[in-house]
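*Asks:* Chains A and B supply the protein sequences, listed in that same order. Following my numbering, the numbering of the first sequence begins with 1 at its first residue and continues without gaps. Following my numbering, the numbering of the second sequence begins with 1001 at its first residue and continues without gaps.
Any given hint might turn out to be false.
[To be verified] If you anchor each label on the Cβ, the simulated ranges turn out as follows: (1) A:Ser55 <-> B:Asn1195: 19 to 29 Å; (2) A:Trp124 <-> B:Gly1208: 43 to 53 Å; (3) A:Asp65 <-> B:Val1183: 29 to 39 Å; (4) B:Phe1184 <-> A:Gln80: 28 to 38 Å; (5) A:Ser139 <-> B:Gly1208: 28 to 38 Å; (6) A:Glu181 <-> B:Val1183: 19 to 29 Å.
Derived by calculation from the structure, the hints in this document are not laboratory data. The beta carbon of each residue, even a glycine, is placed where N, CA and C say it ideally should be.
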Amino acid sequence: MVRFQNVGMRYGLGPEVLRDVSFHLPPGSFHFLSGASGAGKSSLLKLMYLACRPSRGLISLFDTDIATMPRRALPAVRRQIGVVFQDFRLLDHMNVIDNVALPLRVAGAKRGEIRDHARELLKWVGLDDCLDALPPTLSGGQKQRVAIARAVISRPLLLLADEPTGNVDDTIAMRLLRLFEELNRLGTTVLIATHNENLIRRAGRPRLHLSGGELTGPFHGAATGEEGRA
Amino acid sequence: MFWTHRDLALDSDPARRFLPWLLAMIVYLAGLALAGMMSLSAAVDRWDSGLSGTLTIQIPAAAPDSRDTALANALAALRATPGIESARALSAEETAALLEPWLGKGALSRDLPLPRLIDVRLRKDAAPDIEGLTNLIKAAAPGAIVDDHKKSLDRLIHLARTIEAAAIAIVVLVALAAIATVVFITRTGLALHANNIELLHLIGAADGYVARQFQGQALDLALRGGVIGLALTVITVILLGRAAAALGSGLLPALSLSALQWAVLAAVPLAIGLIGMMTARITVMGELRKLP
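The following block holds chain A by itself, in its conformation from the complex (with noise of 0.2 Å):
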């Protein structure tokens, strides 16, 4: 599903902010991401949902090596990806279920088929009561759990999620991540980056953990897919 072979990664001129960072995601799989803050864990996801080129190394998608893919086929690859991002990445000027339909829009769904699963979604992330809400009057867990439905509304094959319980009580964080599971079960690859250690025990999930920008931690194994479980 997802491999990386000694990627490395700066910005600009700047020092490498990911270096020899090797594993793999096998499909289906269900990963956390962990490490502090400037570890490098949003410029790991940068790379895996197309947002950034690495400096070095390969990049592998859906067994494909995107440094061969010609720059026409990236939004059909993308389209494979869902992302939750830190900061929600919400249109502001668009109503809650415009906003987690825009996947479906982009890729030219038909527009009933549209708001009849946009609806449907929203139901299950709770927020079926704020269908016409614009993102501005929504609270920060709300806005998250419409960043969420818009990351999975087009049933990706890989799920990216940074810091998705970051601004959610523990009720609903693992709410969403009996969300992100029940996606998982379908079918899709999870990888969710944290700092939250509670959710990480409770999903007992493996992990990979960044320090300095480089794959360590006691499931760097797994994920370079040596652990059985991964």
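Position chain B relative to chain A; hints supplied.
*Replies:* Structure of chain B alone, referenced to chain A:
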């Protein structure tokens, strides 16, 4: 509205609100230049067909007896020259009528000496040599002036063609101004909505999907501006046409347009709409190619 869903809040851009008005001014200038060029072109065609193959011979005002003798001599010489289709002396009233635009009706005094004019029409198939004819007339009527319309017409046509070229240059320049305006406003929009455009890009929007939002709005705004500009052009052309007709003197070419020429003017807003749309698309696609 030419797009089904606006993922980007382009309507809220302050610069975009000015686009229809800027393009209205551009269409107005282009429309006026085109209208002027087309009516001038029609006038040149009329002059060309009306004056080619003709000459005017002027017998200067002198003592009436010698002037009339010179006139008779000149007419006789003309009638004896092959290649002359007709030669007719204008009456004093006709000559006075020609001066009316400059001097006003009834302003001519009976005592004012007027030259006698001969209107000469040349055979199209066998027109005589103008230089030989001039010498012949001057011998028959000393002091006569042969006005070969072709020379003055050529100068007039040259002037008209120069004005036409200037009008074309104006149309090209205002089209470039329209392109520059749309490029600037599109780039402003791209900068203002960079975050949301990046989001669309990351969730899998193809470049064309994002470009369609800009190009649809550019087409919409450019057409609105174009219609406003066209309305102003039509009003101006009609008012100028009436003012020129009111002079009634023939000093100015008639500012009237044919149905086809009106259709050309009506196409200007469509052209500006297409220019706006294509410019926005090319600008957006060029900028999006910089994204990974």
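*Asks:* Hint by hint, note whether the structure agrees.
*Replies:* Hints, verified against the model:
1. Distance hint check for serine 55 of chain A and asparagine 1195 of chain B: the Cβ-Cβ separation is about 24 Å, which falls inside the suggested range of 19 to 29 Å.
2. Here the CB-CB span from tryptophan 124 of chain A to glycine 1208 of chain B is close to 32 Å, at odds with the stated 43 to 53 Å.
3. At about 37 Å, the CB distance of aspartate 65 of chain A to valine 1183 of chain B agrees with the hint of 29 to 39 Å.
4. Separated by about 37 Å at the C-beta atoms, phenylalanine 1184 of chain B and glutamine 80 of chain A satisfy the suggested range of 28 to 38 Å.
5. Roughly 36 Å separates the CB atoms of serine 139 of chain A and glycine 1208 of chain B, a value that falls within the hinted 28 to 38 Å.
6. Checking the proposed 19 to 29 Å range against glutamate 181 of chain A and valine 1183 of chain B shows it is violated: the Cβ atoms sit about 49 Å from each other.
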